[in-house]
Amino acid sequence: MKKGILIFLFFLICFQMSSQVFKLGGVTVKELEETKHPFYKDADAAYLYKKGETYFEIIGGSFRTVTEVAVRLKIYTKAGYGYANVNIPYYAGRTSQKVKFSDVCTYNLVNGSVEKTKLGSDGKFEDEIVDNFKIKSIVMPNVKEGSVIEYRYKIINPFMTISDWNFQEKIPVNNVEYQVSIPDYFVYHKQIKGFVQVTKLSKPKKKNNSFSENITVYYAHNVMPFKEETYVDNINNYMSILEHDMVKAQFPGEMPHYFAGNWQVLCRNIYEDESFGGELNGTSYFKEDVDMLLKDVPQDKKLDTLFSFVKDRMTWNEVETEFCNKGVKKAYLEKTGNSAEINLMLTAILRYAGFDANPVLLSTRGNGQLIYPSPSAFNYVVVGVTINTEIILLDATSKNTVRGLLPLRALNWIGRMVKEKDMSIEVDLMPKEKSAEMISVAAEIDVEGRITGKVRNQYINHLAHLFRESYSESYKEKYVEELEKSYQGIEINDYQTLNLKDLSKPVGDDYSFAHNNIMDVIEDKLYFSPMLYFVEKENPFTAEKRQYPVDFMFPHQKKYLFAIKLPQGYVAETIPASVVYNMGENIGSFKYQILADDNMIRCNITFDINYANVNQDYYPILKDFYFKMIEKQNEKIVLKKA
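Numbering (this note's numbering), first residue to last: -17 to 624.
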């Protein structure tokens, strides 16, 4: 018992020593003289201190949360000036949040003394981002290399949500502390994501006139910046962030109210909301149109016919949500709506036509992975149609999707199909079929080393969807310019697309090209890669280690077919060897086959990635595979005079 008390006192003393260091206004000459960060020399800026506190207040008989944040930040280089612009987004609807800045100052070292510059009225801004959301900003005054800036802000939230707290940022954080005080009436699920070691300390309960509070303090020191890697789905899945999700509220003398805690409760709560389940019942607004549309349409064509009808009629307003705003009827009449209005409308129409259609709740890639059944877990809805035992997923927010193919934003592991208000089942959202790109090149080399030819590209599944989403005929000239820029030195003519509007077929494009800079001419020999300008130059995986999974989004294959006619009077002196590289665990493969035949070089290359997501444990294998593949792509054919 005594040992436990001593350990508690030790941590309490350590915490008090660390937490009492920081007060706004105490900027030192030493902090201003510092020219480089002590343990991350390349840092453009760093948080010297970041301290936050969230607590509850009762106003007018209702609870609200208040979060106060105080920051001291060092600017090392001009590249760090962006951190002197502070932006706080907030909700500005009928029951709006409020944001207030205070104690905003910039400190500089002038002739050995600390000079303080306060924020003027010209450094404060407020802008509207989208409907009901605004952003309050400050631009710190007199910022220079070496400056230290300080500011405090308060967010008053009329809801009982507790905002996420970041222990880790994209720049170093020397000291970070966060305290949250929660009334006994509420139970929150708490989770710290990421890899930073965060110390947690529970303080004695605090009682005020109205309620008792449970107080928890979190702190960390010398937090390295979050390093962004290639092929990461959402960095917030891996940054060190503290999340709070309300599970239960129970006031004295009342029954408990559960907000979540398990998926069935959460899905039931969503289904019972009038802006979700209530929107599935009406048929009058579409009945006449659908009856006319389906007249004489055979049963096996009805699903695609109705899916196309909703896609063609509706335009997505790019709002991701599982709840309707104006409702499906008004959205149908106005021909525009959010993700819930469009896909719940599609669900209702398919049910009317006799299909076993149900909403599928999910979290988009941008919202993060589904980990815990909290009210904020979902932010999107698609449609699941069960035919025999197969669930076919549909999303009508994109005009270029087909049955079974979800937009990239929705490819986030699993969703929950809500079949009834008290029943939901897990649904796999990830693609079952491999996407593919086939590139066919017929080229000819002249004696000067100039290469001309024709290219045809073909895209299947998600790669086809990405192409259709990014290309439009009005954008054709710009698109060709971007192609020429990306391939450096190529001149493209006669560009045209294939099957752009026919979603039942693979989409593609073809063009003729000329290139002067692929070939190295040394004396009377010509050197070039048989992959021409399609060679990958750099390995995307260069880090020594990796902490996060590698996210390819979907399994895919890239296939190249090259037929290259040699210049008259030349033959192949040397050609690269044919090889096959396989990654362990069937992660992927690279097949390189080449043949010199009379005056032709023929090269077939196939690159496969068999999984949408590769665990970081396999990163060394993946890194080595890419190194060997790119090295092979850059090997040269040598032509000599016959």
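A hint or two may mislead.
List of simulated lysine-lysine pairs, DSBU-like, C-alpha gap at most 30 Å [as the list claims (entries may be wrong)]:
id, residue 1, residue 2
1, Lys188, Lys172
2, Lys230, Lys277
3, Lys381, Lys519
4, Lys414, Lys188
5, Lys311, Lys401
6, Lys381, Lys209
7, Lys317, Lys284
8, Lys187, Lys80
Please keep in mind that the hints were generated in silico from the structure rather than gathered at the bench.
Checklist line | Earlier hints that do not hold, by number | finding: Numbers 2, 3, 4, 6 - these are the hints that the structure violates, sorted from lowest upward.
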